[in-house]
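In order, the protein sequences belong to chains A and B.
Okay, so the first sequence: first residue is 530 according to my numbering, each after it adds one.
Okay, so the second sequence: first residue is 530 according to my numbering, each after it adds one.
The reader is advised that the hints may include incorrect statements.
Just so you know, same-sequence chains aren't split out, so a pair can sit in one copy or run between any two.
[Unchecked claim] With a straight-line cut-off of 25 Å between C-alpha atoms, the simulated BS3-like cross-links for lysine-lysine are:
no.: 1; residue 1: Lys558; residue 2: Lys572
no.: 2; residue 1: Lys622; residue 2: Lys555
no.: 3; residue 1: Lys548; residue 2: Lys622
no.: 4; residue 1: Lys572; residue 2: Lys586
no.: 5; residue 1: Lys632; residue 2: Lys548
no.: 6; residue 1: Lys586; residue 2: Lys558
no.: 7; residue 1: Lys555; residue 2: Lys632
no.: 8; residue 1: Lys586; residue 2: Lys622
Keep in mind that the hints were calculated from the coordinates and are not lab data.
2 protein chains.
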Amino acid sequence: MFNSTFLTERQLEVYIRRKRGESLAKIAKELGTTRSNVCALEKAARRNIERAYNTIKLVESLLYKSVVTVPSGTDLYDIPGIIYRRADELGIKIQMSGPMLLKYIVEHCSDKLRNRQVLGEITIGIDQNGSIVVL
Amino acid sequence: MFNSTFLTERQLEVYIRRKRGESLAKIAKELGTTRSNVCALEKAARRNIERAYNTIKLVESLLYKSVVTVPSGTDLYDIPGIIYRRADELGIKIQMSGPMLLKYIVEHCSDKLRNRQVLGEITIGIDQNGSIVVL
DNA sequence: CTTTTGTTGAATAGATATGTTTAACAGCAC
DNA sequence: GTGCTGTTAAACATATCTATTCAACAAAAG
Numbered sequence: 530m531f532n533s534t535f536l537t538e539r540q541l542e543v544y545i546r547r548k549r550g551e552s553l554a555k556i557a558k559e560l561g562t563t564r565s566n567v568c569a570l571e572k573a574a575r576r577n578i579e580r581a582y583n584t585i586k587l588v589e590s591l592l593y594k595s596v597v598t599v600p601s602g603t604d605l606y607d608i609p610g611i612i613y614r615r616a617d618e619l620g621i622k623i624q625m626s627g628p629m630l631l632k633y634i635v636e637h638c639s640d641k642l643r644n645r646q647v648l649g650e651i652t653i654g655i656d657q658n659g660s661i662v663v664l
Numbered sequence: 530m531f532n533s534t535f536l537t538e539r540q541l542e543v544y545i546r547r548k549r550g551e552s553l554a555k556i557a558k559e560l561g562t563t564r565s566n567v568c569a570l571e572k573a574a575r576r577n578i579e580r581a582y583n584t585i586k587l588v589e590s591l592l593y594k595s596v597v598t599v600p601s602g603t604d605l606y607d608i609p610g611i612i613y614r615r616a617d618e619l620g621i622k623i624q625m626s627g628p629m630l631l632k633y634i635v636e637h638c639s640d641k642l643r644n645r646q647v648l649g650e651i652t653i654g655i656d657q658n659g660s661i662v663v664l
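Throw the hints in and build the complete structure from the sequences for me.
Below you can see the structure in the form of structure tokens.
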């Protein structure tokens with residue numbers, strides 16, 4: 530269906546069956562192989578999908594004038610300051626207010642936040658119009 | 530900045546320089562190689578980006594065949610009914626029994642459930658075979 | 001306690017990708 | 001024509017990926 534992808538036929542087969550909730554043993558039996566192999570195939574599929582997403586994020590980040598990386602450990606409430614400072618350096622006026630910016634961050638990075646703490650690095654793109662995007 | 534992607538360092542270097550409009554000859558000279566090699570590197574980069582997009586399209590096409598969104602606040606025990614109703618509308622017979630469906634949901638969404646209450650929106654895909662998938 | 005289920009590490013052979021060079025070719029500007 | 005531009009094909013060594021097996025392990029289900 531899709532020309533050329535980073536998933537092999539085997540990986541896709543296993544990935545779909547696992548998504549449907551089939552056990553490793555069942556899949557292994559039906560494909561004529563072992564549980565550990567099916568496990569490995571699923572893992573490979575997930576890794577390739579992850580890498581595909583990272584690739585697209587990388588490429589799209591090139592479209593932005595600048596990219597800000599907020600290190601883990603940062604306090605949530607320090608993020609708007611970080612972004613405004615960077616935008617100033619570039620002579621760009623951010624479109625969003627501080628509170629809106631916080632709201633936006635929280636909505637798009639809930640998985641990387643806990644109690645005002647940034648748990649994992651957050652990457653944010655700034656374009657020439659002052660729009661910001663979580664990458 | 531981005532953990533693991535399908536672009537090599539060399540490919541990315543060339544891709545960015547070409548986006549900036551640098552000629553093959555200039556890049557080749559600065560990287561200490563030939564025009565044809567730079568050309569090949571750019572081509573490889575484009576191919577890998579294309580494949581990354583295709584991979585994501587493939588994966589998402591598996592998910593978005595038909596989708597049910599269970600709003601937060603819903604009672605856990607209402608979910609099977611919601612899914613069966615949606616499947617009926619589509620003329621699809623769900624493969625799982627009500628109790629199995631509940632079990633499946635609980636196993637895959639424990640993070641979004643507390644005491645029969647759905648805390649955060651749950652998105653569930655239904656495919657043509659009546660298999661369901663938590664997205 | 002025994003079985004099932006998912007994971008991991010190490011090892012393997014075979015396939016594919018990568019970066020490279022060289023030679024050749026077409027289009028365009030001067 | 002002489003020089004740029006970008007492209008392509010063939011060939012090659014090296015590196016990485018792929019699918020696979022086997023042995024071992026922990027957690028959960030029976």
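Homo-oligomer pair classification [lysine 622, lysine 548; C-alpha up to 25 Å]: between (44 Å within a copy, 18 Å between copies)
Reference check for the pair lysine 586 and lysine 558, CA-CA at most 25 Å: within, between, both, or neither? neither (37 Å within a copy, 29 Å between copies)
Alpha-carbon proximity context of lysine 558 and lysine 572, limit 25 Å: within (18 Å within a copy, 41 Å between copies)
Within a copy, between copies, both or neither: where do lysine 632 and lysine 548 come within 25 Å Cα-Cα? Only across copies: lysine 632 and lysine 548 sit 15 Å apart there, 32 Å inside one copy, limit 25 Å.
When no copy is specified for lysine 555 and lysine 632, does a C-alpha distance of 25 Å or less occur within a copy, between copies, both, or neither? Between. Shortest inter-copy distance 19 Å satisfies the 25 Å Cα cut-off; intra-copy 45 Å does not.
Up to 25 Å CA-CA - lysine 586 versus lysine 572, copy category: both (21 Å within a copy, 19 Å between copies)
Given a CA cutoff of 25 Å, do lysine 586 and lysine 622 count as a within-copy pair, a between-copy pair, both, or neither? Answer is within; shortest intra-copy Cα gap is 24 Å, inter-copy 35 Å.
Should lysine 622 paired with lysine 555 be assigned to within, between, both, or neither, using CA atoms and 25 Å as the limit? between (57 Å within a copy, 22 Å between copies)
Checked against the numbered hints given earlier, this structure breaks only hint 6.
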